[in-house]
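Asker: With the hints as your guide, set chains G and B onto chain E.
Protein chains in written order, with our numbering: chain E, 1 to 408; chain G, 1001 to 1195; chain B, 2001 to 2166.
Since the hints were derived computationally from the structure, they do not count as laboratory data. Since this is a predicted model, take the numbers as computed values, not measurements. Be careful, since some hints might not be right.
[As the list claims (entries may be wrong)] Selected chain E positions facing chain B (Cβ under 8 angstroms, derived; list incomplete): (1) HIS65; (2) LEU98; (3) TYR225; (4) TYR239; (5) VAL357; (6) HIS368.
Here a beta-carbon is modelled for each residue, glycine too, at the ideal position from N, C-alpha and C.
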Amino acid sequence: MEAQKNIDLPQGSIEKKTTTLNIGPTHPATHGVFQNIMEIDGERVVSSEQTVGFIHRAFEKLAEHRNLYQITPITDRLNYCSSPINNMGWHITCERFLKVEIPKRVDYLRVIIMELARISDHLICNSIVGVDTGAYTGFLYVMQYRELIYEIYEEVCGSRLTTNIGRIGGFERNFTNTAFTKLERFLNEYPKVLKEFESLFTRNRIFMERTQGTGGITAARAMNYGFTGPNLRAAGVDYDVRVANPYSSYQDFDFTIPVGTTGDNYDRFLVRNAEMWQSLSIIKQAYEKVQSFKGAEAEIFHADVPEYYLPKKEDVYNNMEALIWHFKIIMGEVHLPKGQIYSAVEGGNGELGFYLVSDGGRTPFRLHFRRPCFIYYQAYPELITGGMLSDAVVTMSSLNLIAGELDA
Amino acid sequence: MRPVRFNIHPKEAEIADAISMAPAPDGIGGDGFFATQLSSVVGLARKNSLWPLPFATSCCGIEFMATMASHYDLARFGSERVGFSPRQCDLLMVMGTIAKKMAPVLRQVYLQMAEPRWVIAVGACASSGGIFDTYSVLQGIDQVIPVDVYVPGCPPRPEAIIDGFMKIQDLVGQESIRRRNGEQYKALLNSYGIQ
Amino acid sequence: MALTNISIQEKLVEKFDDQVSTFSTDSGILSFEALAANNLKVIQFLYDELGFTFLTDLCGVNYPDQKDAEIVVVYHLHNFIENIRVRLSIAVPVEKPDVFTASKLFESANWMERETYDFFGVNFIGHSNLKRILNVDEMDYFPLRKEFPLEDQTRIDKDDEMFGRG
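Next up, chain E with everything else stripped away, as it sits in the complex (with noise of 0.2 angstroms):
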């Protein structure tokens, strides 16, 4: 039979077997700034490339013309998720770079904060990878409790998102009974909610098809690609900075490490459902712990580091030591130690890592950010390949990847 001429392909565009697909770095399955390239054969994936760098913001040379207490607005900017964890994590860095000894009562408030905010980061994760499976409803669902954690940064320091939470040293004020009464009706509220958001999910037949098996990484591999976090915790790896290098009194919380075994997207889920257990009973016990302080030690919220910590505004007004300090720390003519310091914390997706040089001037020489998702982002190719496209979809949600903290 003689070929039919009459159509004029482009040369080679049916010899070629594969379709090359864009996606992003606008699109709603992205949820982000992401563009990945693919090369799809029908439905399967065969390969990927990803550019990143769309929200690069330059925070690390930014860090070198900021003091210390400028650089929390721009950790706030990292995984906006869970900002008060970066923003402690920063904080936690300076404390340990200038050896300021910090009141047991100000670790526990923190674990509070921290811990809420690694709820809300989980919460929204595994909310949208439901959306992303279609079930919009748990997203919608979750929401309405995210308000509650809100409230209580609200309460704390008056902001919703990016908190800015906290000073070098402590908190900005001591917490209220509102927020405290806030706190309490999130412990009640929040387990019920919890529990119905996993009964939605964990056992749906259409959750798992979809989920179980797609995006799985082996242990050895995710350690190669530098996860950390719920993701290599989900290859089976229980590496947790809270543990491993406790800060801000970790050590005295009883609490387990939840880990999967196949490091697929159920696994990545289930971890993040468990540690949000987790959390809730951290904050039970910090909220304990906190209680029991009595008397003068209740009102302690603070370190006594007058080179950093801003005085009240009233001795400010009144008192010539207070006003020098905080003349001081506002025209940032703090001069630093030298010498370089890295600090860790476990932040919601990952080991948030601080690498901080100084040449003994009033900003740090060199700030540099470990970014988790910007280290395991990488491996992105690899879990999809061979995979359908709709997972593909599925396995980047799974993988919490926040656009402002990859790109930085």
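Answerer: Here is chains G and B on its own, set in the frame of chain E:
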């Protein structure tokens, strides 16, 4: 005994009382007819059925998620349909930092939108670059596309985003149907190198 | 035998003699320097013999005042089993910033090296895809080097007097 659950909630008020209607524009009405300007009818229809395109890049996008989710519910303002295709949407909501790498993409999305189109810059970064006065950040999206409403805040609270949205609704409702053909509008677009 | 900072230092000195130097302990982490020529050998030794199988972080630092050692590449390695970290620095001159890539050993080094190239212009020899990652490809300088300014130099709307630089 069968496990029957009764509806113990008190009876709701008449549903008709709970429906809020947009006020009718000025005009002359009587039995069976209502005469008014075409532009006010078009404006009324447009402003209560805006389709937003969320161009969310960073933190403000998370606050937008809160705005459109159950607690604040942007759908009350007639924008239930949050679309991601620029071809179908009327309102480009730019939320978050736009880096220089992203600016051509933003412009492309704007160009793909059909007239009439409105733009709202949510948050300090989209409005002016915010705290990021650095080599890699675009100092405000109005350097590449025209903007109708700016919402301040870093990030703005959901209430502020809703307020900005209502400002857009006012603009849309009052816009003359000839504006997009006018010389002034063409000059505005030309100043951005569009058309 | 449990690893300590001292035993790591002894093993490194035993193996590499005077090619590793400037040992110090900053906030509990052992830091040392190695020559750029054998950074891979040191990392491989740490990986194989001492169990540092996790690359926590890789970044660059620019010291403009250090002659012939302006760019320093810093590796943070972590041994999960012993739960101990080390910090390895490699100094290279800014005119010829050549360092061997660790991306064959650690997949995670791939992007971190690209980032370091993007920011400091470190040339990682043997890297499969060494191009800019965060900045636009057209950029013709390495923005995190100290000589380059933070702010956008093309801005014209700023009144310098209001920013104290009039």
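Asker: For each hint, tell me whether it holds in the structure or not.
Answerer: Taking the hints in turn, this is what the structure says about them:
Below 8 angstroms, beta-carbon pairs count as interface contacts, and E/HIS65 has one with chain B at about 6 angstroms; its hint therefore holds. The beta carbon of E/LEU98 is not positioned within 8 angstroms of any beta carbon in chain B (closest approach about 11 angstroms), and the interface hint is therefore violated. For E/TYR225, the interface hint holds, since its Cβ comes within 8 angstroms of a Cβ in chain B; the closest pair sits about 5 angstroms apart. Interface hint status for E/TYR239: upheld, as the beta-carbon distance to the closest one in chain B is roughly 6 angstroms, under 8 angstroms.
For E/VAL357, the shortest C-beta to C-beta distance to chain B is roughly 6 angstroms, which falls under 8 angstroms, so the interface hint holds. Here the hint on E/HIS368 is kept, as its CB sits about 4 angstroms from the closest CB of chain B, short of 8 angstroms.
Taken one by one, the earlier hints fail for this structure only at number 2.
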